[in-house]
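**Student:** The lines below spell out each chain.
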Amino acid sequence: AQSVTQPDIHITVSEGASLELRCNYSYGATPYLFWYVQSPGQGLQLLLKYFSGDTLVQGIKGFEAEFKRSQSSFNLRKPSVHWSDAAEYFCAVGAGYGQNFVFGPGTRLSVLP
Amino acid sequence: NAGVTQTPKFQVLKTGQSMTLQCAQDMNHEYMSWYRQDPGMGLRLIHYSVGAGITDQGEVPNGYNVSRSTTEDFPLRLLSAAPSQTSVYFCASSYSQGAKEKLFFGSGTQLSVL
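So the protein sequences, as listed, match chains A and B. What the first sequence shows, in my numbering, is residues 1 to 113, in sequence order. What the second sequence shows, in my numbering, is residues 1001 to 1114, in sequence order.
Worth flagging that the hints you see were computed from the coordinates, not collected in a lab. There may be inaccurate statements among the hints.
[Unchecked claim] Covered by chain B, according to a simulated footprint, are these stretches of chain A (three or more residues, beta-carbon under 8 Å):
| hint | region |
| --- | --- |
| 1 | 38-46 |
| 2 | 93-106 |
[To be verified] Chain B is nowhere near these chain A residues, computed Cβ spacing over 10 Å in every case:
| hint | residue |
| --- | --- |
| 3 | Gln-6 |
| 4 | Glu-20 |
| 5 | Asn-24 |
| 6 | Ser-26 |
| 7 | Val-57 |
| 8 | Phe-63 |
| 9 | Lys-68 |
| 10 | Gln-71 |
| 11 | Ser-72 |
| 12 | Ser-73 |
| 13 | Asn-75 |
| 14 | Val-111 |
| 15 | Pro-113 |
The C-beta atom is built at its ideal place from N, Cα and C for all residues, glycine as well.
Bound conformation, chain B alone (with noise of 0.2 Å):
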């Protein structure tokens, strides 16, 4: 099994431009999240989905968007870059949202905004 595939691994991005952050499971689970990592600050939750159609604000959602349109995908958008955003991106995904779920997670993808 491929588990969770991020792409792409680094992305440099200038201010104001737009990205999209791909993200796919092949495990059919239910729950999906996007985290940033931020040095001292661990990681935060920035949107999750609990199903196909189904897509909520975590902690930091300003500036980013989402949609799941099937089990597989999750795609994080940035409409208008900010230095601010400079991070290292996880998506990660489970069973259910529950806390007993493991979280399985993609390998990041580091991006800069100049």
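Chain A with its partners taken away, still in its complex shape (with noise of 0.2 Å):
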């Protein structure tokens, strides 16, 4: 069965810096990979995805991931964090058609002004 870990519970980074959220899976296969963001009280909402190909995939508000399969790891990146992408991010993978999600515990962004 996959498995997904995030290995940082809370990360806190200055606006403007830089960004790296760490997500590493267990699974047999390629898996597909997801990352996902939740605002405080709200609903998860899709950051981007990867099925296959260019392993570096673009996602919306300015976040980049990259598959690398020899780490088993696909990491979310951002060159610079605004105070508003403070929030939870899940790393959440696939096994294939007819397979549920599994998520990852989630990380904890905060921005300091």
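Dock chain to chain to rebuild the complex, using the hints, since each chain is given by itself in its own frame.
**Tutor:** Structure representation (structure tokens):
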């Protein structure tokens, strides 16, 4: 069965600084990978996804993520963080048609002015 | 489009009470699901449905019941609430149950069981 870990429970960065959120997965084949963002009091919104092809994927709000098969990782990055990026971020893995997603525990991002 | 609508947004129950969390989607999605979100645990799947009349258990189904009589609605029932069911509940839907399908989420229900 697939699993997802997000090693960082809480990260604090200053506005304008770069950001990297880590995600590691466990799955026997190439998984389908997602990053979702949850703003306070809201549901989850898809930031980006990876299925195949180019291992660097671009998403909304200036986010990007890179799939590294050798490291079983799918880290989320942003070159310059804005105060509005403060939220909780979830990495998720899909195993194929007919399978349910598995979500990581989440990383809470705080942004200092 | 309204998307995925959950009601209520907040609820307080006493131990042993029952209640139903409502979820409706207007996107004609076949797949609907319920998650609970607890600190440090991420989202855990409670129950899901791949179409009207079809439901199945997820990772943490105990204490919950679901039915899917129409494509649009997927209510979650707590039969006898327990403090361990204090959580934030999310309903989510997609076109089909599949890894390439983005999930559309409702805004959540914050439930406290005293």
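**Student:** May I ask which of the numbered hints given earlier this structure violates, with the numbers listed in increasing order?
**Tutor:** The structure breaks only hint 3.
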